[in-house]
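J.: This is what each chain is made of:
There are 2 protein chains.
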Amino acid sequence: MSAEQGSAAAEAPAERISEAELAVMEVLWEEAPQSAADVCARIGKARGWSMPTVKTLLARLVAKGALATTPEGRRFLYTPLIARSHYVGTESRRLVDRLFGGRAAPLFANLAANEQLSDEDIAEIERLLKELRK
Amino acid sequence: MSAEQGSAAAEAPAERISEAELAVMEVLWEEAPQSAADVCARIGKARGWSMPTVKTLLARLVAKGALATTPEGRRFLYTPLIARSHYVGTESRRLVDRLFGGRAAPLFANLAANEQLSDEDIAEIERLLKELRK
DNA sequence: CAGTTCAGTTTACATGCGTAGTCCTCAGCA
DNA sequence: TGCTGAGGACTACGCATGTAAACTGAACTG
Chain L
1 MSAEQGSAAA
11 EAPAERISEA
21 ELAVMEVLWE
31 EAPQSAADVC
41 ARIGKARGWS
51 MPTVKTLLAR
61 LVAKGALATT
71 PEGRRFLYTP
81 LIARSHYVGT
91 ESRRLVDRLF
101 GGRAAPLFAN
111 LAANEQLSDE
121 DIAEIERLLK
131 ELRK
Chain P
1 MSAEQGSAAA
11 EAPAERISEA
21 ELAVMEVLWE
31 EAPQSAADVC
41 ARIGKARGWS
51 MPTVKTLLAR
61 LVAKGALATT
71 PEGRRFLYTP
81 LIARSHYVGT
91 ESRRLVDRLF
101 GGRAAPLFAN
111 LAANEQLSDE
121 DIAEIERLLK
131 ELRK
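Keeping their order, the protein sequence lines are chains L and P.
According to the working numbering, the first sequence is numbered sequentially starting from 1.
According to the working numbering, the second sequence is numbered sequentially starting from 1.
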């Protein structure tokens, strides 16, 4: 909780980001300011949502403080207010807290037991561990 | 996915278990058949829920196929139909899929970066890794 | 045998979410 | 300058969820 993502202390929006909203965030995390039409174009492809749906999600995300709007001509450009890494961290912690008593090791053990770990994963984790040990 | 929890192939209930329902499941995972009153006694303490609330949750879990009922006198005893390990596994995978592209290593990296890993965690994970390598 | 009490079932209601239609306004074009 | 269209705002609606009250049926008790 010390080194934030560049911007000053990306405060969480308290309000949780829902599944559908996350899809919108992902698009904006991939490329920052975008208009509603842009977002819709990208998501429409993948999820088959109509324009109104995307607009609703954008509005809700703005209301939740997860997105900022910048007027650009007669429309808005949307920019994420929270970093993806922040969101991901929060969600990971939630899971670990809810299901593994706040300990990461059991999560890891679980993934291992369910063969969710590829060889690559294992190699990468070992590498990370080595760094942590330093 | 081979050695199940005693009962035959604990099929997932498809229906997702919600946050509040999870609290009920936890109580039943801790000690198996229990009456509604038992569950309520334990949860009432922790979450301050009234009896009707607990009953609703129990009924919903039964409807979802997550709990089984056994008549015992003039009441029911509730027993989990899905193993905690199964649920936990499913949820973990969901998170990894949703946020880390299905790869466990980035999750791990994230936890590490956010200092979510205690020394114990690290030691335990190293131990697990050693076993996986064997 | 009737009343009380306990336990499961039904109903309720506000909020959040997924999904979308409609309306209103402003800008640009003819 | 009036019309048209793009885009944001408001409204909608059904389902899940959190939370709980009311109803009902059966068992125990006096």
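Keep in mind the hints are simulated off the structure, nothing from the lab.
One should not assume that every hint holds.
Pairs count within a copy or across copies, as identical chains cannot be separated in the list.
Calculated cross-link-like contacts (lysine to aspartate or glutamate; reagent style EDC-like; alpha-carbon spacing at most 20 Å) [as the list claims (entries may be wrong)]:
1. K134 x D119
2. K134 x E91
3. K55 x E91
4. K55 x D97
5. K55 x D119
6. K130 x E120
J.: Taking the hints in turn, state whether each one holds.
T.: Outcome of the hint check:
1. Taking CA atoms no more than 20 Å apart as the test, K134 paired with D119 passes between copies only; the shortest distance there is 12 Å, against 23 Å inside one copy.
2. Neither within a single protomer nor between protomers do K134 and E91 lie at most 20 Å apart by alpha-carbon distance, with minima of 27 Å and 32 Å respectively.
3. Proximity of K55 to E91 under the C-alpha cut-off of 20 Å is found in neither arrangement, the shortest distances being 24 Å within a copy and 29 Å between copies.
4. In this homomeric assembly, K55 and D97 never come within 20 Å of each other (Cα to Cα): the closest approach is 33 Å inside a single copy and 26 Å across copies.
5. With identical chains, the CA atoms of K55 and D119 are never at most 20 Å apart, being 41 Å at best within one copy and 45 Å at best between copies.
6. For a Cα distance limit of 20 Å, the shortest separation of K130 from E120 qualifies both inside one copy, at 15 Å, and across copies, at 15 Å.
Going through the hint list in order, the structure does not satisfy hints 2, 3, 4, 5.
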